[in-house]
Amino acid sequence: QQKVQQSPESLIVPEGGMASLNCTSSDRNVDYFWWYRQHSGKSPKMLMSIFSNGEKEEGRFTVHLNKASLHTSLHIRDSQPSDSALYLCAALIYTGNYKYVFGAGTRLKVIA
Amino acid sequence: DMKVTQMPRYLIKRMGENVLLECGQDMSHETMYWYRQDPGLGLQLIYISYDVDSNSEGDIPKGYRVSRKKREHFSLILDSAKTNQTSVYFCASRTGGRYAEQFFGPGTRLTVL
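Keeping their order, the protein sequence lines are chains A and B.
Heads up: the first sequence begins at 1 in this note's numbering, then just goes up one per residue.
Heads up: the second sequence begins at 1001 in this note's numbering, then just goes up one per residue.
Just so you know, the hints here were simulated from the structure itself, not pulled from any lab data.
Any given hint might turn out to be false.
Derived pair list, reagent style DSS-like, types lysine-lysine, alpha-carbon separation capped at 25 angstroms [to be verified]:
no., chain 1, residue 1, chain 2, residue 2
1, B, Lys-1013, A, Lys-42
2, B, Lys-1062, A, Lys-3
3, B, Lys-1003, A, Lys-42
Not the full set, but computed from the structure, chain B residues with beta-carbon under 7 angstroms of chain A [what the hints assert, rightly or not]:
no., residue
4, Gly-1040
5, Gly-1042
6, Leu-1043
7, Tyr-1064
8, Glu-1101
9, Pro-1106
10, Gly-1107
Example chain A residues on the side facing chain B (calculated, C-beta under 10 angstroms, incomplete) [stated by the list, open to error]:
no., residue
11, Trp-34
12, Tyr-36
13, Lys-42
14, Ala-90
15, Leu-92
16, Tyr-94
17, Asn-97
18, Tyr-98
19, Tyr-100
Fair warning: this is a prediction, and the values are worked out from it, not measured in the lab.
Even glycine gets a Cβ: it sits at the ideal position worked out from N, Cα and C.
Here chain A stands alone, though its shape is the one from the complex (with noise of 0.2 angstroms):
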């Protein structure tokens, strides 16, 4: 069983629109999160990152994050066909070495 579980699978949100992303992990040795995106065909690039409780933006992402319940989530305003792509929410694990676990992802397509 993945020990991080991203929401929903796919989501189709109209131009201009809000999307919302999530992302729980299971695992109690998480540090933190990162958020990726990847394009299609291409490799993942690092999105946001958020190291702490509460909400960090930068321009049209937010991210916040729960740490007592392992729980972050992306949100995308204005939302543009450029941001069409798979969403992966990585948990950085930490026993003595960091690791890197991933989500599934979440595919967003963003409709003119």
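Assemble the complex: chain A is given as a structure, and chain B must be docked to it using the hints.
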């Protein structure tokens, strides 16, 4: 410009053949990773290398081995490839710091017939 390279980008092999995937980075990163990506499964960790000759199994190491003789170079070897090893393989690297970013290579699409 920080960069992770992978060779080859595409590879077709027959079942039972040996496969060598190569990864390089020009950032002197200590830690390097090999992942595979299959539809619906995200990225699965195969091996981690913490530095030269310091390698550790990831979550799915069976059927794979690695070699790291230079800090900038990390190889993934499949001895006698199987059809279920058909996948896209990504290499990544990062420094050792707690908040360091992980950088990915462009990937190798491997097909085992």
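Against the structure, the hints come out as follows:
1. B:Lys-1013 - A:Lys-42: Holds, because 22 angstroms separates the two Cα atoms, which is no more than 25 angstroms.
2. B:Lys-1062 - A:Lys-3: holds, 19 angstroms
3. B:Lys-1003 - A:Lys-42: Answer holds: Lys-1003 of chain B to Lys-42 of chain A is near 14 angstroms, not above 25 angstroms.
4. Gly-1040: holds, 6 angstroms
5. Gly-1042: Holds: closest Cβ of chain A sits about 4 angstroms from Gly-1042 of chain B, inside 7 angstroms.
6. Leu-1043: holds, 4 angstroms
7. Tyr-1064: violated, 16 angstroms
8. Glu-1101: holds, 5 angstroms
9. Pro-1106: Hint holds; Pro-1106 of chain B Cβ to chain A Cβ min 5 angstroms, cut 7 angstroms.
10. Gly-1107: holds, 5 angstroms
11. Trp-34: Trp-34 of chain A check passes; min Cβ-Cβ to chain B is 7 angstroms, inside 10 angstroms.
12. Tyr-36: At about 8 angstroms, which falls below the 10 angstroms cut-off, the nearest Cβ of chain B leaves the hint on Tyr-36 of chain A intact, so it holds.
13. Lys-42: holds, 8 angstroms
14. Ala-90: Check passed: Cβ of Ala-90 of chain A comes within 8 angstroms of chain B, closer than 10 angstroms.
15. Leu-92: Because about 8 angstroms separates Leu-92 of chain A from the closest Cβ in chain B, which is inside the 10 angstroms limit, the hint holds.
16. Tyr-94: For Tyr-94 of chain A, the interface hint holds, since the closest Cβ of chain B sits about 8 angstroms away, which is under 10 angstroms.
17. Asn-97: Holds, about 6 angstroms.
18. Tyr-98: holds, 7 angstroms
19. Tyr-100: holds, 7 angstroms
Hint 7 from the list above is the single one not met by this structure.
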